[in-house]
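Student: Please take these sequences and the hints and turn them into a complete structure.
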Amino acid sequence: MSHRLEQKAAARAARVAAEAATARKERLRRLTILAVIVALASAAVAVAIVVSSRDDGEPATPAQASALFAGIPQDGITLGDPEAPVTLEEFADLQCPFCAQHAQQVLPALIADYVRTGQVKLVYRNLAFLGPDSEEGATFAAAAAAQDKLWPVVERFYANQGVENSGYVTDEFLDEVAAGVPGLDRSRLEADRDSAAVERQLAAARQRASAMGVDSTPSFVLSDKQGREQKLAATDLESMRAALDAAVRAQ
Amino acid sequence: MTRTRKAIGGLALLGGAVAAYLTWVHYSGAEPLCVAGGGGCATVQASEQSELVGIPVAVLGLGAYLALFASALTRGELARIGGAFVAVAGVAFSAYLTYAELFLIRAICQWCVVSALIMLALGVLCARRVLLEP
Chain A
0 MSHRLEQKAA
10 ARAARVAAEA
20 ATARKERLRR
30 LTILAVIVAL
40 ASAAVAVAIV
50 VSSRDDGEPA
60 TPAQASALFA
70 GIPQDGITLG
80 DPEAPVTLEE
90 FADLQCPFCA
100 QHAQQVLPAL
110 IADYVRTGQV
120 KLVYRNLAFL
130 GPDSEEGATF
140 AAAAAAQDKL
150 WPVVERFYAN
160 QGVENSGYVT
170 DEFLDEVAAG
180 VPGLDRSRLE
190 ADRDSAAVER
200 QLAAARQRAS
210 AMGVDSTPSF
220 VLSDKQGREQ
230 KLAATDLESM
240 RAALDAAVRA
250 Q
Chain B
0 MTRTRKAIGG
10 LALLGGAVAA
20 YLTWVHYSGA
30 EPLCVAGGGG
40 CATVQASEQS
50 ELVGIPVAVL
60 GLGAYLALFA
70 SALTRGELAR
80 IGGAFVAVAG
90 VAFSAYLTYA
100 ELFLIRAICQ
110 WCVVSALIML
120 ALGVLCARRV
130 LLEP
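If you read the sequences in order, they're chains A and B.
Under numbering that gives the first Met the number 0, the first residue of the first sequence carries the number 0, and numbering increases by one thereafter.
Under numbering that gives the first Met the number 0, the first residue of the second sequence carries the number 0, and numbering increases by one thereafter.
Bear in mind the hints are in silico, worked out from the structure with no lab data behind them.
The structure presented is a predicted model; accordingly, all values stated were derived computationally and were not measured.
For each residue, glycine too, the CB sits at the ideal point set by N, CA and C.
Be a bit skeptical, because a hint or two may be false.
[What the hints assert, rightly or not] Taking CB as the label site, the calculated pair distances span:
| id | chain 1 | residue 1 | chain 2 | residue 2 | range |
| --- | --- | --- | --- | --- | --- |
| 1 | B | 123 | A | 161 | 29 to 39 Å |
| 2 | A | 112 | B | 102 | 27 to 37 Å |
| 3 | B | 133 | A | 161 | 30 to 40 Å |
| 4 | A | 21 | B | 53 | 15 to 25 Å |
| 5 | B | 16 | A | 32 | 35 to 45 Å |
Tutor: Set out below in structure tokens:
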């Protein structure tokens with residue numbers, strides 16, 4: 000009798016042990032599945048991001064500044080007729096990819112239709128907040144303003160823009176940018192980078208950005224001779240055209 | 000239906016609504032309603048990072064939330080694994096987008112933050128489902 004009871008107890012213990020072992024195995028199996036899911040999903044996302052950024056991340060081949068600015072008056076950070084009734088200030092960081100995209104896709108049409116015709120002048124407010132490469136670029140472009148060549152330098156910088164904060168803004172990179180701007184005195188520019196004028200220009204940009212509540216780049220502020228100022232909410236071509244048309248009409 | 004699956008379904012619908020709104024904004028060219036103002040949403044929506052391999056991020060999000068909703072309605076291991084894969088990928092991509100907002104675009108879109116938080120909760124729930132669901 001007691002022997003049978005012992006047998007039953009042993010069988011129960013064996014069953015419980017087997018169930019525990021199965022549960023352990025199942026837990027381990029599920030943990031492994033989850034680990035594989037995490038690894039595969041993260042890898043898939045990483046690959047998609049890399050492929051996606053490669054599509055448009057290739058630096059443009061070095062070339063001369065386009066004919067975009069030919070014949071348009073330039074004075075320091077200003078592009079266009081100094082007497083133009085409407086002023087469009089651009090707040091940008093040379094490293095900001097969207098600033099480059101905007102400069103390539105939207106600005107040329109605005110320059111052709113509003114700046115070249117003397118209705119609007121453009122002012123470049125050089126913000127350098129993304130990192131050391133921004134600061135290197137900012138003093139470079141700001142010094143080009145002393146030679147009234149800031150705008151083509153900015154255009155060339157954007158055309159060759161590299162991966163953010165990768166340390167790509169080297170002397171060689173800046174040489175390449177400078178080589179794309181005909182008539183630019185590279186050694187004078189280098190000397191001017193440490194000048195008080197450059198410091199003042201960059202400080203003025205920061206102050207103006209803070210006064211206008213600029214918190215992202217590129218941002219645009221439209222102003223006129225009557226002292227009206229307006230930060231543009233949308234930066235696509237159509238919205239900017241509409242804002243410029245309205246400002247020009249109001250003159 | 001377990002409580003975890005119900006929670007996944009509910010959150011997926013909520014996230015789907017946010018993604019559907021952002022998809023509509025993307026295609027209509029409208030300015031997204033940014034709760035705190037400042038145009039951060041418009042900047043983010045217009046940025047380079049608003050598309051992944053040519054597909055608008057909002058559309059990807061909508062697809063992911065719909066897939067997660069479908070996984071919540073379905074029983075079995077395949078649904079658990081599929082749901083977890085989508086949710087973990089969603090969390091990883093949301094983390095990248097939040098980084099991009101903070102350091103590349105320098106603008107914050109509240110809709111994206113909401114979506115990232117929903118996706119994070121879905122990631123936790125789907126992982127729990129894989130580990131614990133009978």
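Student: Against this structure, judge whether each hint is valid.
Tutor: Each hint tested on the structure:
1. B:123 <-> A:161: 29 to 39 Å: 38 Å, holds
2. A:112 <-> B:102: 27 to 37 Å: At 34 Å between Cβs, range holds.
3. B:133 <-> A:161: 30 to 40 Å: With a Cβ separation near 53 Å, residue 133 of chain B and residue 161 of chain A fall outside 30 to 40 Å, so the hint is violated.
4. A:21 <-> B:53: 15 to 25 Å: 48 Å, violated
5. B:16 <-> A:32: 35 to 45 Å: 30 Å, violated
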